[in-house]
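Protein sequence lines, in the order shown, are assigned to chains A, B and C.
End of the first sequence sits at 411 in our numbering; the numbers just go up one at a time, nothing left out.
End of the second sequence sits at 152 in our numbering; the numbers just go up one at a time, nothing left out.
End of the third sequence sits at 149 in our numbering; the numbers just go up one at a time, nothing left out.
Calculated from the structure, these hints are not laboratory results.
Some clues are possibly wrong.
In the PhoX-like style, the derived pairs of lysine-lysine whose C-alpha atoms are separated by at most 20 Å in a straight line are [to be verified]:
(1) Lys54(C) - Lys20(A)
(2) Lys138(C) - Lys113(B)
(3) Lys53(B) - Lys42(B)
(4) Lys3(C) - Lys113(C)
(5) Lys3(A) - Lys20(A)
(6) Lys359(A) - Lys385(A)
Which stretches of chain B does chain C cover? Using the computed rule of at least three CB atoms under 8 Å from a CB of chain C, they are [unchecked claim]:
(7) 12–25
(8) 69–77
(9) 111–124
From the three backbone atoms N, C-alpha and C, an ideal C-beta is built for every residue, glycine too.
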Amino acid sequence: MSKVRIAQLSCGPEYSGVQKEIDTAAAAVDAEIFFPDLKLADLRQSFDEFGLNVRSPDLKLAIARAKALVEGRVEADAVFIATCFRCAEAAIVRNELRRYIHENSSLPVVSYSFTERTTSGTLLTRMEALTTIARRRALLAREVQQGLTMGIDSGSSTTKAVVMRDNKIIGTGWLPTTAVIESADEAIRRAITEAGVSRDEIEAVGTTGYGRFLVGEHVKANLIQEELTVNSKGAVFLADSQRGPSTVIDIGGMDNKAISVQDGIPGTFTMGGICAGASGRFLEMTSKRLGVDITELGPLAMKGLSRKVPMNSYCIVFGTQSLVNALAAGSSPEDVAAAACHSVAEQVFEQQLQEVDIKEPVIMVGGTSLIQGLVRAMEELLQTKILVPHHAQYIGAVGSALLASGFIKGD
Amino acid sequence: MSTYSPRYAGTVTKYIFVESPSMTPSDLAIRAYEISQGVMIKETCFGLQVTGKEDEVNRIIDSLRALDPTHIFVKDRGFPPGDPRRCRANLGGARPGYFGHEFEIGLIRRISKGLEALPSRSPEAAPHPPAPTSVKRLDASRLQEIIDSQES
Amino acid sequence: MAKVFLYPTTSLILSDLVARFGHTPLSAALQIRERIQTPGLESPPLQITPEGPKKGLRWAAVEVPSGVRGRMSLYGPMIEDAEAAIIINNADYSFGCMGCARTNELINFLIRKKNIPLLDLEYPSNDEEGVEFVAAIKRFLDGLSGEVA
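Whenever a hint applies, use it, and build me the whole structure from the sequences.
Written as structure tokens, this is what we have:
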């Protein structure tokens, strides 16, 4: 298999000591980074034509290189845009180039703002998704599940398994992740029991999620794939929105994904995972504080008003403190539940959704999409109706089972 | 992170650019090889890169400069020649610094003109660059008059 | 012989003229060479490791982007060494080491704050300006020989 060639458009990584991290992440998924070649005259002309008159020469160069890619003067399989975190000038260029490439080419693109602490591990899933989109377009084009297949989503909080036959879900299994392999085995057992099939009958298996490699090896999976492409696929399948644009939002236990999807294939995406306050964990902590099960938090929040509870911080520690103070001051559990949902939604909105173009339908997936209060808070922020498909919590497993059917022998 | 052991430690590399009507980069290279005495010479599209101990590199540069002093230009380089970290073949495209050279080479004949003309002018006659001009903006009261005249 | 800071620090023209007229150009290449020739942890292409931006904290606060601080770890020591400076004010197409406008604004400010002899220029746009450009640099550098021991 030839290497996937990823064009890098950047300002600052060599001076931040992180270029090697970018190269390493690309090499880990059998891709290589390259810098589109230009002449100075082309550079000046392209920069002038693009019309975003920034001052930093390296950003001018990035703009000219993006234009060379879009106009087909330089060939690439994917694009990686990287600039310094906290640079306003670069953030404007990063966003505009991402949008420009997405709208004017079929090149998958991911953007990232780094610090000197960025490691190749942080970049790996993004690079893997980029290469998957570039390398497996034919596989990702699959819209119908065939035969008898299984998908396993080994997430950081929960493990999910789904058995599908002839484009229908016939068995599901779900449990909190403890030991990765044991949790997967139990989820599989539950799914095949419900489906009424035996393990041997299953024709192909796909794994995704945080534990995909470990579980994939354990179950001898036909397809081991990161969750960005798999979840996009699962989302548009379940939401019956396989053609045209859509936006997938997945607030997970450890990281969040916002994916701008076209015909079931991610075009641009962001992944955030630094702050627990913007994750499902925050809602788990809140439900514990309120003494309710996580499944009850959503209905509770639907009865409350978030603005009645002052939240001083998005932080999982200080934000929880605000909620505790509000309870002590007499706020109702309903209002506190609503405030917690609003806090998570607002942080995802401010920090991640700004980096993808929101196009309808907006599909929320993952376990947190079952918390109605969170979905409502996001709807209010986005000013749009959000679709939560049936089986939304099984999105990764469904996407895996669907894509795995491409590996059935004779297919 | 793996450990890094430098190659060519203790050497210097200098670029020699030639932009001359009477000398090509390969002419320059031939002259350089004649006097190289083991110093590494690499021919490039714009001239040469010379790598070695500093005094040896300077000796070669002094000799080469004398061939066409107003059309040969010299600059230090951080990397040894052909270093894979900077090489176009490895990066896919030119390293960023290349465009800066391309820009300056585009106007360097004006510097050559300056170097040629200067000795023939007396120090007093050597021109001063014009002082930066400040753009005079329209007086606000005059603008008001114009607006008023348009409205009436 | 004075140590002359160049702006852009990557300029072939300035580096050549300063050396040609008998002074020491402080070129970015010297800082890069020092890193390329020093053993340590591997961090291609420039051997600026994540320690670079931390060293840059001496010149720019932690809220300043890492690329600015990393570049300042190259330029800070050069500015401290500088005994004179020549600045080309319309150097809009200098990339890489001079690729960040925010860093360039900061080094421009810091070098001016030093109160050392300083020459402001623009790239020549015709032959006569070329003569003026070279003459101005020669006059400036000749003047330094008296001022700087």
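These are the hints, each one checked on the structure:
no.: 1; hint: Lys54(C) - Lys20(A); result: holds, 17 Å
no.: 2; hint: Lys138(C) - Lys113(B); result: holds, 14 Å
no.: 3; hint: Lys53(B) - Lys42(B); result: holds, 15 Å
no.: 4; hint: Lys3(C) - Lys113(C); result: holds, 17 Å
no.: 5; hint: Lys3(A) - Lys20(A); result: holds, 18 Å
no.: 6; hint: Lys359(A) - Lys385(A); result: holds, 11 Å
no.: 7; hint: 12–25; result: holds (count 4)
no.: 8; hint: 69–77; result: holds (count 5)
no.: 9; hint: 111–124; result: holds (count 9)
The structure agrees with every numbered hint stated previously.
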